[in-house]
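Chains as they are written, first to last, in the UniProt record's numbering: chain A, 1 to 540; chain B, 1 to 296.
If you are wondering where the hints come from, they were derived from the structure by calculation, not from laboratory data.
Backbone N, C-alpha and C fix where the C-beta goes; we use that ideal spot for every residue, glycine too.
Be aware that one or more of the hints could be misleading.
[Said to hold, decoys possible] Among chain A residues calculated to face chain B with C-beta under 10 angstroms, some are: (1) Gly25; (2) Leu91; (3) Phe303; (4) Glu304; (5) Ala307; (6) Tyr350; (7) Leu360; (8) Phe369; (9) Val494.
[Unchecked claim] With beta-carbon atoms standing in for the labels, derived distance ranges: (10) B:Ala280 - A:Ala52: 45 to 51 angstroms; (11) A:Gln175 - B:Trp80: 57 to 63 angstroms; (12) B:Thr65 - A:Val37: 36 to 42 angstroms; (13) B:Ile193 - A:Glu424: 37 to 43 angstroms.
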Amino acid sequence: MTERSPTTEGTAVRQTAGTSHAGYGRGFWVKLAVMAVINAVGVMIILSAAQAQSWGILAGMAVLLVAADWVYFSRRALPLKYILPGFAFLLVYQVFVVLYTAGIAFTNYGTGHIGSQQDAADQLVAQNEQRVEGSESYPVAVVLPEGEDGGLLGEEELGFAVVVDSDVLVGTAEQPLRPAEGAEVDGDQVTSVPGYQVLDREEVLDRQTEIAELRVPFGEDEAEGALLTQDGRTAHVYEQTLVYDEEAETLTHVEDGTVYSPTEEGLFAAEDGTELAVGWRVFVGFDNFVTGIADTQTAGPFFEVLAWTFVFALASVVLTYLVGMFLAIAFQHERLRGRRIYRVLVILPYAFPGFLSALLFAGMLNERFGFINEVLLGGASIPWLTDPWLAKLSVILVNTWLGFPYMFLVCMGALQSIPKDTLEAASIDGAGALRRWWSVTLPMLMVPTAPLLIATFAFNFNNFNLVYMLTGGGPRMEGVEAPVGHTDILITMVFKISGLASGQATDYGLAAAMSLVIFLIVTVIAVISFRRTRSLEEIN
Amino acid sequence: MSENTLSAHGRSGRSGVARWFAELGWRHLVAVIASAVAVFPIIYIVSASLAERGTLTGSNELFRTITFSHYAGLGDTYFWTWVVNTLVIGLVTAVGTVLMGAAAAYAFSRFRFTGRRAGLATLLVLQMFPQVLAFVAIFILVLGLREVVPVLGLNSQLALIFVYLGGALGVNTFLIYGFFNTIPRDLDEAARIDGASHAQIYWTIILPLVRPVLAVVGLLAFIATFSDFVLARLILVSEERWTLAVGLYSWVAGELDANWGLFAAGAVISAAPVLILFLALQRYIVGGLTAGAVKG
């Protein structure tokens with residue numbers, strides 16, 4: 001205590017001297033240190049973005065950095081000092097990504113349409129390389145330039161050394177073949193090259209895949225062709241069959257002279273309609289929305305999934321609410337012994353992680369070996385998860401199991417606010433238990449719980465984990481090309497058609513468009529919710 | 001109606017058992033059934049984790065055999081790596097969420113500035129939109145960041161934490177904001193007169209007072225990251241970086257039967273701490289959930 005007092009006095013003195021409101025105390029130096037680190041990291045990211053030519057990331061980072069410096073060194077931005085950290089994350093990973101989704105939704109971004117037109121052309125030229133027919137084959141030595149110890153990326157750059165017309169040529173993927181002085185040759189096989197290490201048989205085998213992908217060009221001009229090898233012993237001359245004309249933006253086939261011109265769909269196509277496999281990203285307007293909603297073959301029966309999503313979310317809310325409320329009413333009695341134990345037991349499903357519950361039920365409901373069929377139903381084989389209707393029922397029932405404790409807890413709280421005399425008055429007026437519930441309890445419970453019901457509805461509308469873990473959306477819909485099943489809700493359907501889960505062809509554009517549709521639906525739900533609860537007006 | 005009235009009030013003459021049943025007995029009956037339904041799957045998974053044969057059929061006779069081989073078998077898998085990953089990602093996200101959410105809530109509760117109402121309204125609206133909806137864009141963003149800032153790019157756990165922190169403000173600020181509003185402003189005023197700066201008031205006076213709600217927000221954030229599948233699945237590529245949700249799903253996704261014992265053991269271990277924490281903090285959680293949700 002005594003040690004501390006001088007410091008406190010010191011701060012007080014400085015404050016009264018009016019140097020600064022907060023003084024240059026410990027807090028200021030901590031702030032300065034933190035800001036220094038943030039600035040250093042920020043500048044590093046900006047430089048790195050410049051190098052990678054990612055202008056979007058560069059601009060975003062620069063804006064954030066300037067904002068951070070202004071906020072933390074200006075005296076006029078006090079509230080922002082507290083809001084900015086969270087807000088920055090929110091801006092990038094929630095607001096920006098939504099806008100980005102909207103941007104992607106109007107493009108054909110996805111497998112085959114990843115980069116720019118130039119990227120596509122480069123890739124096509126590289127892919128369409130063919131072994132020159134009747135060309136000579138060269139015995140090749142795989143070499144490693146000396147002194148290149150992996151470099152920054154830890155990747156050593158391999159090369160070839162070959163004898164062509166009794167000259168020894170050496171080159172790598174980046175460095176076209178050129179004559180090498182002082183090389184030793186045994187027959188037609190190069191055995192040593194100054195400045196290079198010749199790999200032995202074993203090393204060649206070790207790096208087989210790397211060597212098979214190695215392409216050493218003959219000259220700076222790509223048209224001169226390149227050497228490639230399959231086995232690390234013999235190389236062949238490969239030449240490009242497509243040539244890109246940057247001015248005309250067309251690709252021409254060397255042999256038959258077919259000209260492939262860019263189309264509006266982001267592909268190179270010949271006049272007869274043949275398209276080359278690699279395309280680029282283009283703006284496609286509302287195509288994705290039309291495909292997603294109207295084309296039942298590629299995107300699955302949108303309306304069927306939409307209807308089921310609503311049914312699922314609504315049924316989940318109603319059932320969990322009814323079960324939870326019934327339990328709350330049943331537990332609502334002072335003289336009920338063991339109430340606390342019952343309460344703990346009943347809320348266990350809510351405390352158990354939801355995705356584990358879903359996987360657990362997937363096992364228990366298994367048609368052949370699951371506990372429910374095998375034991376509870378004495379060896380029945382009811383297709384709980386594989387019949388379209390039963391699977392839907394299972395999803396709703398499992399979700400009820402997961403969700404009723406929440407409603408139970410909510411109703412327990414809300415029930416206490418219902419005055420006893422109102423119920424007694426109803427009772428004296430001759431209302432039976434059911435009537436009292438319908439006319440008194442329910443309406444009075446609805447007032448405080450309505451917003452929760454809407455929130456629960458919105459949550460279940462996008463309850464990805466339950467559906468994906470329990471049924472995987474299955475059983476598959478028949479006669480539909482897209483991997484959509486009978487219990488798929490919108491969000492699981494979008495996840496599947498994005499192609500990101502399966503590792504197959506992706507279609508970001510279509511998935512983004514469908515995400516946007518969900519956004520719109522959720523927005524409508526939100527508007528209704530805020531109208532009803534007037535929570536927006538309560539802000540003051 | 002008249003029949004109802006009769007049955008409700010004409011009981012006085014009946015025996016004590018009937019009266020007991022009408023008043024309390026049925027409640028016990030309902031409670032026992034509900035408890036059984038609620039607890040049974042959890043008992044089943046515990047039993048399955050101890051069953052000798054790690055298959056679905058082998059798990060159907062509850063507690064017939066008891067062996068810890070599946071628990072031991074977890075050591076031969078990536079399970080414990082996933083546990084550590086999940087804990088690290090969850091804890092960092094929880095702490096970040098609490099710090100950023102509380103700071104923003106403090107500003108909204110204590111300062112008056114232009115854009116304050118709009119900001120609050122925006123947060124309220126954002127609550128309705130789960131981050132998962134933008135998974136395509138998040139994936140592409142993280143993919144792009146890999147070229148520039150690899151540590152925030154694909155297959156980085158920090159990238160996943162950053163994505164989760166993006167959802168921090170939207171979900172939690174309102175909850176904490178409500179609690180800050182219940183702390184009298186006189187307290188701030190008194191401290192300010194004593195010469196405390198806004199930062200001192202925040203760290204030493206306001207935050208300690210709302211510790212329970214901060215614990216709840218932290219726990220909820222932890223559970224949310226613990227349960228997230230989509231974003232973790234997309235961002236974490238290699239198996240040794242996965243979280244429990246991704247890993248445990250992968251065990252049963254293809255062959256439900258083969259890995260059942262292993263899955264059950266893993267599920268019990270991963271659910272236990274969450275279950276215990278939840279039950280310990282349930283009073284705060286329930287209060288927090290209703291308060292937050294009523295506002296939203």
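Comparing the hints with the structure gives:
1. Gly25: It holds, given that the least Cβ distance between Gly25 (chain A) and chain B is near 9 angstroms, below 10 angstroms.
2. Leu91: The hint holds - Leu91 (chain A) has a Cβ within 10 angstroms of chain B, the shortest such distance being about 8 angstroms.
3. Phe303: violated, 20 angstroms
4. Glu304: violated, 20 angstroms
5. Ala307: violated, 20 angstroms
6. Tyr350: holds, 8 angstroms
7. Leu360: With a closest approach of 5 angstroms, the Leu360 (chain A) hint holds.
8. Phe369: holds, 4 angstroms
9. Val494: Holds, because the Cβ-Cβ distance from Val494 (chain A) to chain B comes to roughly 8 angstroms (cut-off 10 angstroms).
10. B:Ala280 - A:Ala52: 45 to 51 angstroms: Cβ of Ala280 (chain B) to Cβ of Ala52 (chain A): about 48 angstroms, so the range 45 to 51 angstroms holds.
11. A:Gln175 - B:Trp80: 57 to 63 angstroms: violated, 47 angstroms
12. B:Thr65 - A:Val37: 36 to 42 angstroms: violated, 56 angstroms
13. B:Ile193 - A:Glu424: 37 to 43 angstroms: violated, 52 angstroms
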